[in-house]
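With the hints as your guide, set chain B onto chain A.
So the sequences go chain by chain: A and B. Using the numbering used here, the letters of the first sequence map in sequence onto residues 1 to 307. Using the numbering used here, the letters of the second sequence map in sequence onto residues 1001 to 1332.
Calculated from the structure, these hints are not laboratory results. By construction, the Cβ of each residue, glycine as well, lies at the ideal position given by its N, Cα and C atoms. Check the hints yourself; a few may be wrong.
As the list claims (entries may be wrong) - Here are some chain B residues the structure puts well away from chain A; computed CB gaps all over 10 angstroms: (1) 1095; (2) 1125; (3) 1147; (4) 1160; (5) 1204; (6) 1213.
To be verified - Listed next, the stretches of chain A that the computed footprint assigns to chain B, with coverage defined by at least 3 CB atoms under 8 angstroms from CB atoms of chain B: (7) 172 to 179; (8) 208 to 216; (9) 276 to 284.
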Amino acid sequence: MSALVFTALYLVGDPVSMLASPEATDAERELIRQSLGLDLPLWRQYLIFLNKALVHLDFGNSFLTGEPAMRLILDRMPATLELATAAMALAVLIGVPLGIYAGLKPESLGARSVMTSSVLGFSLPNFWVGLMLIMVFAVFLHWLPAGGRGPVETFGPIQLSIFSWEGWRSLILPVTTIATAKCALIIRVTRAATRECLPLDYIKFARARGLSEARVLGVHLLKNILIPIVTIAGLEYGQVFAFAVVTESVFSWPGIGKLLIDSIITLDRPVVVAYLMLTVVFLSLLNLVVDIIYTILDPRVQAKAGA
Amino acid sequence: MQPRAPSSSTPCLLDVQGLRTWFHTRAGVVKAVDGVSLQVKQGEILGLVGESGSGKTITGFSLMNLVDKPGRIRADRLFFDGRDLQTLSAKDYRALRGNQMAMIFQDPMMTLNPTLRVDTQMIETVQAHESVSRSAARARSIDMLVKVGIPAPAERMSVYPHHLSGGMRQRIAIAIALLNSPKLIIADEPTTALDVTIQGQILYEVQKLCRETGTALIWITHDLALVSGLADRLAVMYAGRIVETAPTADIVRGAQHAYTHGLMASIPTFDTRGHSLFQIPGSTPSPLNMPEGCPFRTRCYRATPQCAQAPVFEEVAPAHGVSCWHRGIEEL
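Just chain A, with the same shape it has in the complex (with noise of 0.2 angstroms):
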């Protein structure tokens, strides 16, 4: 994947034509490629880069600013794992009720709107949703920041803005943008999990022993319709932080989204691959840790891996 992006990035045009000033000469345009390392051939450039990043896991310094392309990332991923679990945390706490209660009432009115509202949720293109935030509280009503990222505590090498009030004003926007599309999803599959769930004779059974309705939902039920919901908040997070190009682009939030399309303006490959390479490595922890809490949720999955 690596010389996939690799190659692309090469194919799609010329850093130096970026970074040199229109003003500079030939001589001192091939001083920049040389002192990048550009005037090698792509695949020599290709081998350097993997020799670097396999044994030294250094992935490059970015041809913009000269830093190492991991440290760029690295100084801007609290920003968007914040973003990311404030958002799938309160699409889990609104979609999962809501999913279970269009579940129990299927027929009724609240459920029939809960439905509706969740196709719009994510029909809407995120970009619109959080344009039309940003018009209606920012610039009308004055409640909320337009943009950025509020001010922050520093916790070693991490930056979070989430133990100041205006740290979490500046987040409300964002959050709901993210949150809205992901919120329909998890009603949904909260919904049919549900009405999946509700027939089976060991709710009926834990009915007819008589446990009260908030055991019955709040255990019973619970516990069987949360690996469904795991499983998509899971793969939605990771989708969530990976690429939240769009909303961080639009609440100008500094995040990895943000830092990826700028970078890839600026053709600044080091930054590109060590940003894919991150990803790759998160997407596969994370798909880790929801089979961990696969075995957690349900026993069965343990016996069927001990045997």
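Only chain B this time, still in chain A's reference frame:
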């Protein structure tokens, strides 16, 4: 349809008259249960017999008030242990279920929640009805597992249902039903999904436990041969109605309804060896398209034009009621 009056001096634990459970669907009203009358005395074992689709299971669920929408339960009289079930609030009904009135389901592979351990499911059942400590609830659960014949009960408590065989799971379901010493257990074909040797054991255990504790039992089944060895009294159900009810011995010796004859005749015996078994022709009519009058008349060899009128439920002998215009004992 006139149900017989409670005939003996023992008080009636369950008194159901004219129970109707109708499902209002788009295709029409499905009268799954249409005028069932039943009496169960304390400690009595009643066998509720009928083919698939005759409404036996829905009758059981109706008594537990566990019928899903769009089903609606109505009855002329629905008394349990001196209380009118039709006036109970949802909360009171919940307190009754699993406590005074318990149920065992057909498929043991599906009745226990696969994601919760056996002990969780047993302890919560005790604690739903009584404020006792976890350890007391656990001790009672282990006692009950011993009673239903589970070896090494303490170890079984901490496993998940998928670790156990079907027979073992059904024993646990029975133990759960017995946990709060109910007055009535409704057992919906609890042995149908098990193999024959386990069937016999479970049958024996349940009968013994009910006799010991004085628990009344409604055993729902399609297997007349099986239940006649167990029940004090039988009620034969057809198309949502009770067509004949009598003490077991009276049914076995002198069944009056043509449908009961058919059921009896289709039991394999030594005499019928080598011959093809009797079959009741046809199948249960669609609940959306019931024949007028006697629902069995389209399959009945005794049917006459009179059967287009609903037959009257009458006592032919003490405690023996039948609903048929042409009732009578058949020499098979």
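Comparing the hints with the structure gives:
1. 1095: Non-interface label fails for residue 1095/B: nearest chain A Cβ at 6 angstroms, not farther than 10 angstroms.
2. 1125: violated, 5 angstroms
3. 1147: The assertion about residue 1147/B holds, with a minimum of 18 angstroms to chain A.
4. 1160: Incorrect as stated: the minimum Cβ-Cβ distance to chain A is 4 angstroms, not above 10 angstroms.
5. 1204: holds, 23 angstroms
6. 1213: Since the minimum Cβ distance to chain A is about 18 angstroms, residue 1213/B lies beyond 10 angstroms and the statement holds.
7. 172 to 179: violated (count 0)
8. 208 to 216: holds (count 7)
9. 276 to 284: Violated: only 0 residues of the region 276 to 284 of chain A have a Cβ under 8 angstroms from chain B.
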